[in-house]
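Those protein sequences? They're chains H and L, same order as listed.
First residue of the first sequence? That's -13 in my numbering, and the numbers climb one at a time after it.
First residue of the second sequence? That's 97 in my numbering, and the numbers climb one at a time after it.
Among the hints, a few may not be true.
[Said to hold, decoys possible] Going by beta-carbon spacing under 8 Å, a handful of chain H positions derived as facing chain L: (1) Leu63; (2) Leu174; (3) Leu176; (4) Pro182; (5) Gly308; (6) Ser309; (7) Val315.
Think of the hints as simulated: they come from the structure by calculation, not from any bench.
Beta carbons are placed, not taken as given, at the ideal position from N, Cα and C, and that holds for glycine.
This is what each chain is made of:
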Amino acid sequence: MSRPSAPSDDPAGGGAPARAARPGGSGSGGPAAGRGPARGRGFRSGHARHPLARFLARRIAVAVLLGFGITLVTFVLTNLVPGDPVTANLGQRALGDPAIVAQWRAEHGLDRPLPAQYLTYLGGLLQGDLGVSQQSHRPVLDDLAEFVPATIELAGGAIAISLVAGVAFGVIAALRRDRAADQVLRVLSLVGISVPTFWLALVAFYVFFFRLQITPGSGRIAPDMSAPPAVTGLYTVDAALAGQWEVFASAAGHLITPALVLAAYTIGLLTRFTRSAVLEVLGQDYVRAARAKGLPGRVVLFRYVLRSALVPVITVAGLAFGSLLSGTVLVESVFARPGIGQYAYKSATTLDLPAVMGVGLVVGFVYVLINLVVDVLYGIIDPRVRLS
Amino acid sequence: MNLLPRLPGRSVGTRGVLARLPEAWRQPLAVVGGVVALAWLVVAVAAPLLAPHDPLAQELPRLASPGPGHWLGTDQLGRDVLSRIMYGARVSIPLTLLLVALSLLIGGSLGAAAGYFGRWVGEGIMRVADLVFAFPTVILAMVVAAALGASLFNAVLAVLVVAWPAYARVTRGLVLGMREREFVLSGRLLGFSAWRSLRVDVLPNVTGPILVLATLDIGTALLLLSGLSFLGLGAKPPSPEWGAMVASGVEVFDSWWVATFPGLAILTVVLAFNFLGDTLRDALDPRTARAIKERAL
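Please model the entire structure based on the sequences and the hints provided.
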């Protein structure tokens, strides 16, 4: 796995141009031009050269800082702890023996001063080494490689469902404003965002599996099947790639209930945001102008209204993906899906520092990536926000 | 709502908001939400008078299904589920309200500063917010709660740590959008100080959405808080906290009532505040209001 080293390589490559570009930008725009509260009225000629490269370089630099911040925060937090990883990991008898305790501490590098521990970790990180989990005694990277795909599969499925259903419901609600459809969707979406995920997971499991027996039980595939050959780690995709359609059906069947449970919140969220975004745009003059010049309703809706309304919707969807990743903790525990949510929970409760930092980095990486995609989409969808 | 003080109408925004409020409260959703929220508040205050049993007393048959004497059944220790839910309202609701008020205060101020002053202050604040955002909410809260030790108070702190950036971000976005509007600029050109401009021109135009966010956030905060308790990182066992009660119901899956009713309690409280928040949003959002008036399309 060379992936984790990629973000740590980028800073060296991306940080320098960012720093070089900044003085260049302000130099051509005049001192302190551009961003003052009352001054910068949008004449950003300095940004004209290589705006995309500059934008990406800045973003990557920020991403690296963010990754650094995540490790620092986790490190500081877990070391401020009143609890001690030794007591969380060793048995009662081993704890009574100072020699074993000292050996365990030395093994995990806990006998050295904190800054030295942190630097060692960072050094390893630059080489793609995330350390060894104190709990599973395996490299954190191996653990993550095993658990992350399960969560990505779940969260990805949920966000896909949410985007389609949420935007569709939101547009319907906005266009049918104050009529029955709008009222029903409004109540439904509010219920969606109000229902406790862990409880809904439990109820869904109880009703559909335990009582009605129409959905498969816990886990990622049926217990008598073996996992498809690993390519992406997503069982559904791997099974489809290998042409194992029975496995695919089983994996998809195991995925659908937790994904729907997880999506309940985001569908509600996106419905509400899409509705208000569309309503807001509907009131704009340019939409009225488009109507007035006789454009058909469909063109106005898709090219004028939806395009503009999608900007806030995409922001929310990006944020929602982050909340989905963490929401998986609650769903995974109920459906017994081995994912990073479960892994993070076990790591947090045993104060397994390398594992928690690994999870933080992975999710932080995903978050930064999504944010980047959202920002780029912004510019594509709405020229007005380009490089502002 | 103390966030909408009866100032001598300085800005059109504030006066318009007050004029629109009464009608908003007549919406069916707001009425339902208000009644349910009020009912829960009454339950929270009067739990000792209303609850048929002691929430901690193990005096009833174990895992009895709902019926006379114990209308929502009993749990595996023979405690009355209904009484525990009623006492649970005293645990969850006040803590949640406190939590939201604090996040609003902290996040809102930081976000307004970041949006209005921009530059280094803004960048700094927003990068910290990004950092918190980058951490998955529940996982960060889990780490904080686990690091501080499992207790309800620490769970509240953990939720506070993850909750403020939402306010910072929304406030900043709104202020940023407002900052270069012509009436704000004219204010500055008339010689308003930055503080006065922020207070008089910008804030009245951004309070609506932030207020809505806070109302809706009551639900989110309660969900997160009970989620932490569900995971065993919040309320300690005998405490009748709703999330912890759902968790205890997992152990006795067959006795569905143990987990179902506390979950319904969470759902109804969150839903009530979301009904209120949603109505508020429609009433306070000048753009939606305008759209309604114009009946465009």
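Hint by hint, here is what the structure shows:
For Leu63 of chain H, the shortest C-beta to C-beta distance to chain L is roughly 5 Å, which falls under 8 Å, so the interface hint holds. Taking 8 Å as the C-beta contact cut-off toward chain L, the hint placing Leu174 of chain H at the interface is violated, the least distance being around 11 Å. The beta carbon of Leu176 of chain H is positioned within 8 Å of a beta carbon in chain L (closest approach about 5 Å), and the interface hint is therefore held. At its closest, the beta carbon of Pro182 of chain H sits 5 Å from a beta carbon of chain L; the interface hint therefore holds under the 8 Å criterion.
At its closest, the beta carbon of Gly308 of chain H sits 6 Å from a beta carbon of chain L; the interface hint therefore holds under the 8 Å criterion. Proximity of Ser309 of chain H to chain L holds as hinted, the smallest CB-CB distance being about 6 Å (cut-off 8 Å). With 8 Å as the threshold, the beta carbon of Val315 of chain H comes within range of chain L, its nearest partner Cβ sitting at about 5 Å, so the hint holds.
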